[in-house]
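Participant: In order, the protein sequence lines correspond to chains W and B. In terms of numbering that gives the first Met the number 0, the first sequence opens at residue 0 and continues consecutively. In terms of numbering that gives the first Met the number 0, the second sequence opens at residue 0 and continues consecutively.
Hint data in this document are derived by calculation from the structure and do not stem from the laboratory. Heads up, some of the hints might be wrong.
Subject to a maximum C-alpha distance of 25 Å in a straight line, what follows is the list of computed SDA-like cross-link-like pairs (lysine to any residue) [as the list claims (entries may be wrong)]: (1) W:K156 <-> W:T71; (2) W:K156 <-> B:S303; (3) W:K200 <-> W:A218; (4) W:K200 <-> W:A113; (5) W:K156 <-> W:L176; (6) W:K156 <-> B:D302; (7) W:K156 <-> W:W89; (8) B:K50 <-> B:I178; (9) W:K156 <-> B:P142.
Only a predicted model underlies this, so the values are computations on that prediction, with no experimental measurement involved.
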Amino acid sequence: MGLVEAFWKHLNGALMELFVQRCFDGMFTGAIYASLALAIVMIYRSTGLLNFAQGEMGLMGGYVTLTLLSPTGAAGIGIPIAGTAFASRWIPLHPWPAWAAIVGAVAFGALLGAVVERFIMRPLTGRSALSQVNVTIGLLILINGIVFQIWGSFSRKVESPFPNEAADYFGILGARLRYTTVGVWATLIVIIVLLTLLIQKTKTGLAFRAITSNREGAALVGVPVNRTLTIGWAIASAIGALAASLVGGAVTLSPMLMLNLLIYALAAATIGGLDSPRGAIAGGLIIGLTQSLSPPYLGIPTELTLLPPLAAMVLALAVRPHGLFGTVPVNRV
Amino acid sequence: MTTISSEQDAMGASPALPAARMSRMSKIGLVVLAITVAIPPFVVTPLELTKLSRLVVLVLAVLGVNLLTGYTGLISLGHGVFVGVGAFAMANLIDQGMSLFLAGFLATLFTGAVGLVLGLPALRVRGLYLALVTFGTALAFPPLLRRMGTLTGGVTGRTVDNEAFVPPSLLGLDDDVHIWRYGVCLAIVALWFVIIRNLVNSRMGRALRTVRDNEPAAATFGISVRYAKAGALAISAAMTGTAGVLQSLLNPYVSHADFDSFLSLRLYASAVIGGLGTLAGAIFGVTALILVPTVNGALELLDSDAIVFGAGLIIMTFIAPTGIAGLFKARDRGKSESL
Chain W
0 MGLVEAFWKH LNGALMELFV QRCFDGMFTG AIYASLALAI VMIYRSTGLL
50 NFAQGEMGLM GGYVTLTLLS PTGAAGIGIP IAGTAFASRW IPLHPWPAWA
100 AIVGAVAFGA LLGAVVERFI MRPLTGRSAL SQVNVTIGLL ILINGIVFQI
150 WGSFSRKVES PFPNEAADYF GILGARLRYT TVGVWATLIV IIVLLTLLIQ
200 KTKTGLAFRA ITSNREGAAL VGVPVNRTLT IGWAIASAIG ALAASLVGGA
250 VTLSPMLMLN LLIYALAAAT IGGLDSPRGA IAGGLIIGLT QSLSPPYLGI
300 PTELTLLPPL AAMVLALAVR PHGLFGTVPV NRV
Chain B
0 MTTISSEQDA MGASPALPAA RMSRMSKIGL VVLAITVAIP PFVVTPLELT
50 KLSRLVVLVL AVLGVNLLTG YTGLISLGHG VFVGVGAFAM ANLIDQGMSL
100 FLAGFLATLF TGAVGLVLGL PALRVRGLYL ALVTFGTALA FPPLLRRMGT
150 LTGGVTGRTV DNEAFVPPSL LGLDDDVHIW RYGVCLAIVA LWFVIIRNLV
200 NSRMGRALRT VRDNEPAAAT FGISVRYAKA GALAISAAMT GTAGVLQSLL
250 NPYVSHADFD SFLSLRLYAS AVIGGLGTLA GAIFGVTALI LVPTVNGALE
300 LLDSDAIVFG AGLIIMTFIA PTGIAGLFKA RDRGKSESL
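Looking at chain W on its own, in the form it has when it is part of the complex (with noise of 0.2 Å):
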């Protein structure tokens, strides 16, 4: 390994080390891109439905993590954690280590995901699609005030389950590796077998195969219609909660981080394919990996990272709309 580094330093010096630090940059990015892709493909898959609300039902999670890891009276910039006052007084063993923390938090997601499924959206089974996008615009925009108003606006840093100390790092070809990066793609890559086991060789990957192919053959032929639908909900929503608090090892935590992280996940999905889960995962390195490497190749200021991204889904709308993976639809009159 020595060598090759060496030899590839050699070879191409600074500009290399900065090309691969940008790549690795992009991927711990990209993974959490990926995963918020991920739960937005496993609703549409199912339901046809783009859940608006995937971020802000993550974002939430996020703030549970944060609860449930900082001891009470924490403070990051001078002022306390809502909540953990609360956490310290009912929950035992508060405050949690960041692992467990984030099990918490993936729990509740799970129950979130579940809950708007039960008491939300399927109320509206058989309503128009334009009400089931309305009220997923609408928990966007009600769930990030409820956050606002619980947690306020401050950026908090949440910490990461991952050794992510300033020496936390594989050196490779000069550039930084991080141990977060790894762990991020090594959690990432566990959801997907663990989603692919579940899909392929369970009772209720076969149930929700079958909704997603034809939900009302399905809910003839016996297959439980409503239970699986809350089952992906949760499943959906704990993804997203995931990846809200796995961001902490790299950004801060505040009300419009999950705004920025959806378009940059619907950008993914969009690339990827809707209804392509693999799309999800190579849409989210791409939006990543774009988002990291133009700033230092195209010139563009880090403010606007959010163009790069943007500009590959109008592209990828372009030229081709139906995504990387996706399925052409068929119309019928």
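For chain W, the structure is supplied; the task is to place chain B on it using the hints.
Facilitator: Only chain B this time, still in chain W's reference frame:
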């Protein structure tokens, strides 16, 4: 796969024939509206009236969302961007020494063109892609404005030369500039309402509704779906641009902070809460847009009014899918629209 436009019942109220004559309810409504808008100049301070005018002109943005979502079945989550484009275009055109009328007209046209350029790639595909592109634009808009130097005043914002926006001297209204401005805004809003009313009752309006209800069928009838959608988007963006033009004239200072992504989300929520697919819906919608922050501010209940708009959007979808306007309509017809 479901898309918005393929749903027959997308908007509930889909009049088969244009209402040639106004219903009694509409006539009563117009009278009530005329009285309501005539009250503020007599009861509020000049400063408050200017603030109110700035919100009242947003009815054009809400109607713009309505034209797109209610009549054409396309979702835009970025109409705040068009308000901003109109405002900054106006500020820069005035700098060029144009008359207010010409500058306003050109700024409106320019905003329409921007809407078209933004939407064209998304319009190739059915479904929610326009919502994605417009929402992304709404998020990218404030940082973009901050980087645009003297055109937008960067981080601090810029002033607008609105000194010409005063009553002609022969009217003798020199002491009541704010009332005159309020009146001009109302007149321009009314003009747009007449244009849109005629549009939705015309051949093009019927084409838009057919595209909304069943896209393949619309194509079969010989409607050019792409032209219909693009036209609706351009007109919708243009009228929203007019709202921005008037806003920049009312308050001679515009900055990126005025056009964040929540403006777009609020505009969308207001359009739905007010009622999609009816002109009255936009008026009810902007009423919500004015009242909610005012009441919330007075009662000091919530840190932001997002909770009210979000919850309102969800609750209205459940109990009154056709919005506040739909509640009146259902009573007028003696039956409720099922959605």
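Participant: All hints, please: hold or fail.
Facilitator: Comparing the hints with the structure gives:
{"no.": "1", "hint": "W:K156 <-> W:T71", "verdict": "holds (15 Å)"}
{"no.": "2", "hint": "W:K156 <-> B:S303", "verdict": "holds (23 Å)"}
{"no.": "3", "hint": "W:K200 <-> W:A218", "verdict": "holds (20 Å)"}
{"no.": "4", "hint": "W:K200 <-> W:A113", "verdict": "holds (22 Å)"}
{"no.": "5", "hint": "W:K156 <-> W:L176", "verdict": "holds (21 Å)"}
{"no.": "6", "hint": "W:K156 <-> B:D302", "verdict": "holds (22 Å)"}
{"no.": "7", "hint": "W:K156 <-> W:W89", "verdict": "holds (24 Å)"}
{"no.": "8", "hint": "B:K50 <-> B:I178", "verdict": "holds (12 Å)"}
{"no.": "9", "hint": "W:K156 <-> B:P142", "verdict": "holds (23 Å)"}
Of the hints listed earlier, there is not a single one the structure fails to meet.
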